[in-house]
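Trainee: Keeping their order, the protein sequence lines are chains W and C.
Quick note, the first sequence lines up with residues 1 to 443 if you use my numbering.
Quick note, the second sequence lines up with residues 1 to 180 if you use my numbering.
Keep in mind that the hints were calculated from the coordinates and are not lab data.
A couple of the hints might just be wrong.
[Unchecked claim] Reference listing, derived: stretches of chain W covered by chain C, where coverage requires no fewer than 3 residues with Cβ under 8 Å from a Cβ of chain C:
id: 1; segment: 177–190
id: 2; segment: 210–216
id: 3; segment: 318–330
Just so we're clear, the structure is a prediction, and the values are computed from it rather than from any experiment.
Glycine is no exception: its CB is placed at the ideal position from the N, C-alpha and C atoms.
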Amino acid sequence: MGATQQYAIIDPETGKIDRRIFIDQAIYDEEMAKIFGRAWLMIGHESLVPKVNDFFHTYMGEDPVILTRDSQGQLHALLNMCRHRGNRVVRCDDGNARRFMCTYHGWTYANDGTLEYVPGESEAYYNALDRSALGLIEARVDTYAGIVFATWAVDAPSLEAYLGDARWYLDTVFNRRDCGMQALGPMKWIEPVNWKTLVDNCSDNYHVPTSHLSSLLVQSRYLGRPRLSHEEQFQSPNKHVFVNGHSLTFREVDDNTPRYVHGMSRDTFHIFQEHYNATLPEVEQRLGTFRARQVQLGNHSLFPNGVLGFRLALPRGPLKTEFWHFVLVEQDAPEAIKHVIRTGSQANNGAAGLFEQDDIDNWCQVTTASRSRIARQYLQDLSMGIGHAGAHPDYPGLVSERYISENNQRHFYLRWQEFMNAESWADIPLDPITARFEGTATA
Amino acid sequence: MHTSAQTATVMVTPQQALWLELMQFYIREAWLLDERKFTEWLDLFTEDVLYFMPRRKNVPRRELHREVTPLGDLALFEDDKRYLEMRVARLDTGMAWAEDPPSRTRHLMGNLVVEPLDNGEVQARTAFLVYRSHLETDQQLFAGSREDVLRQVNGAWKVAKRTIVLDANVLLDKNLSIFF
């Protein structure tokens, strides 16, 4: 592999990881090339650009990107950079426009990226400018269940292969209904943390009874929600799965009850139960009986930076991350359900979220502990449950024996290492798709 | 020159009297928040309150009607009284880590504009600067406006609807674990 640095930042036998990956600028710069320059990144949702000529401003890593739906209805992910000097051609968060004009010298692009107009093309440029070679830089785009992904890598595998068997689980929420989903948001805020700590935390079920104890207590009292004590979590039959860098948790259901989402209370449970009952035949047709009735997705993250339902962790240097929090609701869900999910999501996981608030200082201090002279010499310990995960007869992926384990964290950092040590996509392994995708829902 | 303490009768219009009454209301509220008397603060809201903080977007000047997201879109706060009570009850558990140790806040409220509504309620707009200092060196400065609908309940003003609009697009630090 020539002069490329070889990373050995985690010992899979002990779960010890080197903290430099949370603070080092050179490592961060390499992450931007080797991870954010290669992976399929979540950038938005089709419902954010429902009509022709709609656009939504987003990011791939630190690069500003315009998600557009052109006049033919095609999606594009265009680097928000005029090819002349590099000024942004869009400064709004979203909107509807057929063309984007650079405010510097007036170069004007169609919403499919084509450079349409350059002032002075014949007079000042003497018709020597090759406009066709100066369109906005375009990333590869694909969608899964309305969620829009993009990659800069021409040699990246298909999105279907990239998601692999993770899709078997994701389908149970995102590909559940014929009507599809609608994205609301995002709220945006910056946290002084390394982006990986947030992603790793979203499959860390171990922290919930401690970090979130105050919220669990009051929500149990006011809303009749479960306490989620340590004891319950350790004994939980819920599963924790790892596929291709993606972390998934799910509940094995045997009681025909709906997925327990933020905001649900003893007062609103029945609305969700009625909706579950009413839509179950459709869901069985889409996902097959087994998945429709037995598998309910919980916390999850998609490698590298898509987490927890619909959340982006956008890196802003090694010590900062910009969070984008969306909520997804089924397009035709009853208004009462949309209301509960929307308000429950902001009240729990947003910038003001009862749960989210209590995570942030933990994450900040994990980042700062990686900086100081003595602290940074001591490795992080991710040893929980080593040797207690493997194949499962019913469930695809690497399945841990217990809901509470650090299996997924170890594999997240091993996946990070695979990307960082690879010369190209040819060196990055993908798990073969082995799941049986029953039902009519497609990728 | 020598002035003695004198009481002078000052004529105020009913509008001015209302303005003075509500200015006192907001000054008291700011002190309650900064002195962390959150249970008393909660009592300033009606049982049917909507405590709402929409998002603020970058839109072209000609599309300013889209700048502040409407009710029904994802908001930073969309709390009813029960959620506000939960937020306060959480602080009292001693395990609300975002606020334990607690933030040091300073709420500066001003620019009060009062407009009586036909149904006896009053619309009151204020501008604010809120400073938050947390732990050792973390700090945030929030600027924004509030639009309240106030209602008389048993002779006291209460907030029946509060819309808080921050003058920020991307919030710059940590979280919103304080009240506005």
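Trainee: Determine which of the earlier numbered hints do not hold for this structure and return their numbers in increasing order.
Mentor: Structure breaks no hint.
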